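Using the sequences plus the hints, can you model the full thing?
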Amino acid sequence: MAVITRFLGDISLAEEAVQEAFATALARWPQAGIPPSPAGWIITTARNKALDRLRREATRSERQRAAQLLTEAEQVEEHDVHDDRLRMIFTCCHPSLAPEAQIALTLRLLGGLSTEEIAHAFLVPPATLAQRISRAKAKIRDAGIPYHVPEAIDLPARLSAVLAVVYLIFNEGYSAASGDELLRGELCDEAIRLGRLLAALMPGEPEVLGLLALMILIDARRDARSVGGDLVRLAEQDRDRWDESKLEEGRALLRGCLTLNRPGPYQLQAAINAVHSDAPSAAHTDWRQILELYDQLMIIAPSPVVALNRAVAVAEMGGADSALQLVDAINLPQYYLLHAVRADLLRRLGRTADAASAYQTALEKCENAKEREFLERQYQSLMKN
Amino acid sequence: MKQYLLSVCYQAGSTQPPPEALNKIMSDVMAVQREMQTAGVWVFSGGLHPPSSSTVLRHQNGEIVLTDGPFVDTKEQIGGITIVQVPDLDAALDWARKLARVITTPIEVRPFMEYRS
Chain A
1 MAVITRFLGD ISLAEEAVQE AFATALARWP QAGIPPSPAG WIITTARNKA LDRLRREATR
61 SERQRAAQLL TEAEQVEEHD VHDDRLRMIF TCCHPSLAPE AQIALTLRLL GGLSTEEIAH
121 AFLVPPATLA QRISRAKAKI RDAGIPYHVP EAIDLPARLS AVLAVVYLIF NEGYSAASGD
181 ELLRGELCDE AIRLGRLLAA LMPGEPEVLG LLALMILIDA RRDARSVGGD LVRLAEQDRD
241 RWDESKLEEG RALLRGCLTL NRPGPYQLQA AINAVHSDAP SAAHTDWRQI LELYDQLMII
301 APSPVVALNR AVAVAEMGGA DSALQLVDAI NLPQYYLLHA VRADLLRRLG RTADAASAYQ
361 TALEKCENAK EREFLERQYQ SLMKN
Chain B
1 MKQYLLSVCY QAGSTQPPPE ALNKIMSDVM AVQREMQTAG VWVFSGGLHP PSSSTVLRHQ
61 NGEIVLTDGP FVDTKEQIGG ITIVQVPDLD AALDWARKLA RVITTPIEVR PFMEYRS
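Note that the protein sequences, when read in sequence, are chains A and B.
This note's numbering puts the first residue of the first sequence at 1, with every later residue one more than the last.
This note's numbering puts the first residue of the second sequence at 1, with every later residue one more than the last.
The hints are simulated quantities; they were obtained by calculation from the structure and are not laboratory data.
Just so we're clear, the structure is a prediction, and the values are computed from it rather than from any experiment.
Check before you lean on any hint, since a few could be wrong.
[Said to hold, decoys possible] The following residues of chain B were derived to be distant from chain A, with all beta-carbon distances above 12 Å: (1) Glu-20; (2) Val-29; (3) Ala-31; (4) Gln-33; (5) Arg-34; (6) Gly-47; (7) Pro-51; (8) Val-65; (9) Asp-68; (10) Pro-70; (11) Asp-73; (12) Thr-74; (13) Ile-83; (14) Val-102; (15) Thr-104.
[To be verified] Pairs of lysine-lysine, DSS-like flavour, derived with a Cα cap of 27 Å: (16) A/Lys-384 to A/Lys-370; (17) B/Lys-24 to B/Lys-75; (18) A/Lys-370 to A/Lys-246; (19) A/Lys-49 to A/Lys-139; (20) B/Lys-2 to A/Lys-139; (21) B/Lys-75 to A/Lys-139; (22) B/Lys-98 to A/Lys-139; (23) B/Lys-75 to B/Lys-98; (24) A/Lys-384 to A/Lys-365.
In this text, a Cβ means the ideal position worked out from N, Cα and C, and glycines have one as well.
Written out as structure tokens, the structure is:
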């Protein structure tokens, strides 16, 4: 897809050509056998399909352009595919596109999900998602969003936009913002696949590796986080159900990017998760180290959510009272987890009535059915005691 | 090559900066404009009087009727425009970034349609 888009300069045309090429492959390969380089075969066939089409439909000036493209499009080398996918990622995550358009385009053009699957994962009707994608493609064409890797000076900002899209996809999978299921595993898998692609394309960027490490370390806890569909908090999870091979991979990735000595928010979050993963039980968690990492995170990437997580670490080190003061200073009134954390702290401090009302607020703000059930259980057990 | 409209936006009713600050802004804008000209991307630039200075023409029953402007009262108004001719959006955004730095109000970048002859 990425290679053909570069030849044609038009994503929609490229997409149709690639689809036609796959259809031809399905018809031909069973009899003729799989060609020695299947990817190369698809690219060549798609290119020819697109050129046929241009010749059929085009005006004279477009025919000339098509002929020019054909002569430019010589042998496709492996590194061209590599570079083209990199260009495609930056085009899909261009800041001129709305975030939801960036996510939809990235999943559609670089991921392995169909429009229907993406629509299902984001709980929107397939027609809405298809429209979102086609509008984004039209904007790329009309606004002249280029198909290239940003220049060095723009790269940090543009790369962080790309990483944000991938992490959003992961988070939507790992803690679905709404709906009946706690997890949407296909989105986690897809985000990690995209993370691996980015790491292969940009192995020298520590934050790319940091994001991949972070996602893998969190994903290793997936099976323990949801038991019978119910949410289990980190502290109560059965650590035998953590995926040790994923944890090991995440730790190795993290060690690798830390040696580059350019810390960033994703690497720090990965490090925090690595500390959790090292503890044989919740009681053995090295909260001091976690707090230090959150302190660093507050320096390089302060946000209310980071402040809230830092407050949790403070509470774990025995300071429920000072943690509550920290939480009360955070301005995130619509974030249900803030109220859930507050409720938990108030419960620990024995302020049952205040805790009950904080649980109620959290329940009002929470839109995921499974997380609501969890809060409900917390609330009920508070009322019982 | 594509042409892009770079519009300088401001909120209706916002006050102009004091004269010294305005002079500084204007000379900085002129410097960016000269840079555009040297680079061969500049097509046109101009600042606009306030929307109250406008006249609106309407086609009504075969007649053209004139009224005082503006056509619509909007919160966001255009204070001036620049047109550049560059290869793609990122190139237009690079120039818009330079303008945004000196002008400090938002800049909107919008592509012109291309007509095929």
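Structure versus earlier hints, numbers of those that do not hold, lowest first: When the structure is compared with the hints, none of them turns out to be violated.
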